[in-house]
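Since chain L is already given, all that's left is putting chain P on it; use the hints.
Line by line, the protein sequences are chains L and P. Each residue of the first sequence is one higher than the last, beginning at 6 in our numbering. Each residue of the second sequence is one higher than the last, beginning at 6 in our numbering.
One thing to keep in mind: the hints can contain errors.
Chain copies aren't distinguished; within one or between two, either way the pair holds.
[Unchecked claim] Result set (EDC-like, lysine to aspartate or glutamate): computed pairs, CA atoms no more than 20 Å apart in a straight line:
id	residue 1	residue 2
1	Lys101	Glu159
2	Lys157	Glu283
3	Lys22	Asp7
4	Lys101	Asp193
5	Lys177	Asp214
6	Lys273	Asp131
7	Lys139	Glu92
8	Lys177	Asp39
9	Lys23	Asp7
10	Lys24	Asp7
11	Lys120	Asp39
It should be emphasised that the hints constitute simulated quantities derived from the structure, not laboratory data.
Protein chains: 2
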Amino acid sequence: MDYQLEYISRYFEKISKKKIETYVVTRIWHLLNDSEVLIVPQQYVKRLESYALTDLYLPQIGFHVEINEPAHYNNIERESLDNLRSEELRRNTTHKVFHIDCRGSLNDINRETDKCIAIIKDEIADKRRANNFKPWQDESEISYHQKRGMLKAEENPSLRTISDICALFDAKVPIRGFLRKGVVNYKDMMIWWPSIGNKNFQNILSEDDNQIIEYSTNEKKRIPHIYAVKSDSRKRVTFFRGTDNLGFTAYKFKGIYELDTESTSIEKGLAWRRIANEISI
Amino acid sequence: MDYQLEYISRYFEKISKKKIETYVVTRIWHLLNDSEVLIVPQQYVKRLESYALTDLYLPQIGFHVEINEPAHYNNIERESLDNLRSEELRRNTTHKVFHIDCRGSLNDINRETDKCIAIIKDEIADKRRANNFKPWQDESEISYHQKRGMLKAEENPSLRTISDICALFDAKVPIRGFLRKGVVNYKDMMIWWPSIGNKNFQNILSEDDNQIIEYSTNEKKRIPHIYAVKSDSRKRVTFFRGTDNLGFTAYKFKGIYELDTESTSIEKGLAWRRIANEISI
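Isolated chain L, as found in the complex (with noise of 0.2 Å):
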């Protein structure tokens, strides 16, 4: 299956429990007609001291909808509780938040979708004039960014594979299994792939993402681990390992890290200090 096919498919399946939520999802998948434009379930928005949460968005226009079931206008207090998330989410970022109200019948609810699918065409069509939008297209993942020749944190790249990660970069694939290390050397620098952990490291990235602390969780190890780190204290170019909301493994690009030597110490681990959010490639 292709990795598009297996994403939406996923897509549909992780929220087939939700009746109208598929509707309304399919409906704008297939209506929008466009294998450009990824959708994404579920995103976790930054609020000034929270998370808030949308059912779907499009993060190539900045573009949340929220899908709002009869159950949604049965109580005051959660409607606008909603209302007051989504007005508090266009004053913080420039994303727009559309609302599909589905109290009615299906053509109703097919009526409210559509002209929410009609703007979000809209907002395509003039990324796409603005020679702004980067289309959804796992091939072209690593050639985007190749012919950008950028990579920059507040937009949050993201590849796939280790593999990707070297492609993109020109720089040789370590060897697969047990013997395969953490980090390839990329010019002056190393480009390091942590993931949160694994059985000999634990790596903490701060929620600011400007600090990462990488433990030794092997006792016999953790002291010659610092030491060798110390002395070939190359720059590490970072994508950090996670998993997106269809667990699919994601590297994230963070940023350019440097050891801090000053807040490194055998007790906490190494501490990876942030010193730029982007590079050229």
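Okay, now just chain P, sitting in the frame of chain L:
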């Protein structure tokens, strides 16, 4: 939730574990974009000696869709068996069968599905032009039949509730609750809606629909019931109660039946023989 939305949502939910089928069915539904068109999952089709099952059926135009997942093509035996089945279906009925090849990418599957959708749209347009298209609209089910003035068993007319049956024949709706009778008077006949069984009765419909055996499972009432019916042996306009593929109750018109006193016995029960396949309203 209105009936159409409930129906389509249940359909999507029912197939949600089959990822490619969900993708294709939701696409067909949304791109047909016509709430007068009914789609039915997993339709049983009578074959010479058994039943075949197609993935999606459009009863208004006698059109079947087979959604062939990649695995379908891995097994030559299975593939040729399926083709044979489709051939037989085409030969024995006026039905059409379209196979969607789902081996390709998302864009390939979109293209294959869209070919199918184009044909379906043509077929529907033809039927509409010929004034021979019965729209799928819950409210109009009754008015459609009334306007037509005729029920034909071969067309599988199906109503959703006893109230709908009574509305169609302008008959008195029986009182709800456990005192509700299983029949209402209609002209010199009765309208009857037997089910396979409840705590008092067992009703067996023959394979060819030509006979119904009505059997009281209450030993004390069995003999009096037979005598009571024999003394009031009005013909019965019969809707056999069942469930459709999505679990909705469906009262399917089968024809007019009269008591076959020769085949009736205390041991066997009341035998009803079909004497007409249609009725004027």
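Against the structure, the hints come out as follows:
In this homomeric assembly, Lys101 and Glu159 come within 20 Å of each other (Cα to Cα) only inside a single copy, at 18 Å, whereas the closest approach across copies is 53 Å. With identical chains, the CA atoms of Lys157 and Glu283 are at most 20 Å apart within one copy only, with a shortest distance of 4 Å there and 72 Å across copies. Proximity of Lys22 and Asp7 under a CA criterion of 20 Å is satisfied inter-copy only: 18 Å between copies versus 24 Å inside one chain copy. In this assembly of identical chains, the alpha carbons of Lys101 and Asp193 never lie at most 20 Å apart, being 41 Å within a copy and 66 Å across copies at closest.
In this homomeric assembly, Lys177 and Asp214 never come within 20 Å of each other (Cα to Cα): the closest approach is 27 Å inside a single copy and 72 Å across copies. Taking the shortest alpha-carbon separations for Lys273 and Asp131, neither the intra-copy value of 49 Å nor the inter-copy value of 75 Å comes in at or below 20 Å. Proximity of Lys139 to Glu92 under the C-alpha cut-off of 20 Å is found in neither arrangement, the shortest distances being 27 Å within a copy and 46 Å between copies. In the homo-oligomer, the alpha carbons of Lys177 and Asp39 never lie at most 20 Å apart, since the shortest distance is 35 Å inside one protomer and 53 Å across protomers.
Proximity of Lys23 and Asp7 under a CA criterion of 20 Å is satisfied inter-copy only: 16 Å between copies versus 26 Å inside one chain copy. For a Cα distance limit of 20 Å, the shortest separation of Lys24 from Asp7 across copies, 13 Å, qualifies, whereas the shortest one inside one copy, 26 Å, does not. In this homomeric assembly, Lys120 and Asp39 come within 20 Å of each other (Cα to Cα) both inside a single copy, at 17 Å, and across copies, at 17 Å.
In the structure shown, a violation is registered for the earlier hints numbered 4, 5, 6, 7 and 8, in ascending order.
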